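Trainee: Chain order of the listed sequences is A and B.
According to the working numbering, the first sequence is numbered sequentially starting from 1.
According to the working numbering, the second sequence is numbered sequentially starting from 115.
Everything labelled a hint here was simulated from the structure, so no lab data went into it.
Each hint should be verified, as a subset may be incorrect.
For lysine-lysine, the following DSSO-like pairs were computed, each having C-alpha atoms within a straight-line distance of at most 30 Å [as the list claims (entries may be wrong)]:
1. B:K171 - B:K185
2. B:K185 - A:K42
3. B:K123 - A:K101
4. B:K128 - A:K56
5. B:K128 - A:K42
6. A:K67 - A:K56
7. B:K171 - A:K67
8. B:K123 - A:K42
Everything numeric in this text was worked out from a predicted model, so none of it was measured.
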Amino acid sequence: QKEVEQNSGPLSVPEGAIASLNCTYSDRVSQSFFWYRQYSGKSPELIMSIYSNGDKEDGRFTAQLNKASQYVSLLIRDSQPSDSATYLCAVNRRSGGSNYKLTFGKGTLLTVNP
Amino acid sequence: NAGVTQTPKFQVLKTGQSMTLQCAQDMNHNSMYWYRQDPGMGLRLIYYSASEGTTDKGEVPNGYNVSRLNKREFSLRLESAAPSQTSVYFCASSEIDTQYFGPGTRLTVL
Numbered sequence: 001q002k003e004v005e006q007n008s009g010p011l012s013v014p015e016g017a018i019a020s021l022n023c024t025y026s027d028r029v030s031q032s033f034f035w036y037r038q039y040s041g042k043s044p045e046l047i048m049s050i051y052s053n054g055d056k057e058d059g060r061f062t063a064q065l066n067k068a069s070q071y072v073s074l075l076i077r078d079s080q081p082s083d084s085a086t087y088l089c090a091v092n093r094r095s096g097g098s099n100y101k102l103t104f105g106k107g108t109l110l111t112v113n114p
Numbered sequence: 115n116a117g118v119t120q121t122p123k124f125q126v127l128k129t130g131q132s133m134t135l136q137c138a139q140d141m142n143h144n145s146m147y148w149y150r151q152d153p154g155m156g157l158r159l160i161y162y163s164a165s166e167g168t169t170d171k172g173e174v175p176n177g178y179n180v181s182r183l184n185k186r187e188f189s190l191r192l193e194s195a196a197p198s199q200t201s202v203y204f205c206a207s208s209e210i211d212t213q214y215f216g217p218g219t220r221l222t223v224l
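Extracted from the complex, chain A is given alone in its bound form (with noise of 0.2 Å):
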């Protein structure tokens, strides 16, 4: 099983709509879970962090984590065409020390239409 996986899309939603990103993850003893956005051509951009069980709310994003069934969700609400970019899931695990170690799924690309 894949470390940390990811609808593989693409998906596309209407404008004013919620867009739902799914991510699963194997490894038990995760203990942080991050969003990203890419845009194509572009780096990376946080956009979220969850850390416990339950929902975290941020303007039109929210992010949900089940740690008992490993699963990590990102909705976005009233979707607009500036959200059209590739969501990448990561999960974070303390590897010793200081050190943590971050996985990536390989990202959704989502697309809203006007």
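Following the hints, put chain B in place on chain A, whose structure we already have.
Mentor: Below, chain B without anything else, positioned relative to chain A:
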């Protein structure tokens, strides 16, 4: 506050040539990382440095060397470039567990 900076932005090499990719951060972070990103492969860790003076291999270290020059700078060296090293290279830094990325270097090896 520039965050993480990388030079150069683009580079074309011939097989067998060497080069060094430079990375610097002004956020006073202890940890720094080098990734490569290839289509269909996602981001893969090449090397990382948990603190000044230490470096460790990541998932795909073969063909690369690194130097943590000081707390700010972390360089990646290709001693003898191969076409398989054609990729986009990202440097990142972190304090504790949240990583911030530089703009990337697009490298083509012919």
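Trainee: Against this structure, judge whether each hint is valid.
Mentor: Against the structure, the hints come out as follows:
no.	hint	verdict
1	B:K171 - B:K185	holds, 18 Å
2	B:K185 - A:K42	holds, 25 Å
3	B:K123 - A:K101	holds, 26 Å
4	B:K128 - A:K56	violated, 48 Å
5	B:K128 - A:K42	holds, 25 Å
6	A:K67 - A:K56	holds, 14 Å
7	B:K171 - A:K67	holds, 28 Å
8	B:K123 - A:K42	holds, 11 Å
Going down the numbered hints, you'll see the structure goes against just number 4.
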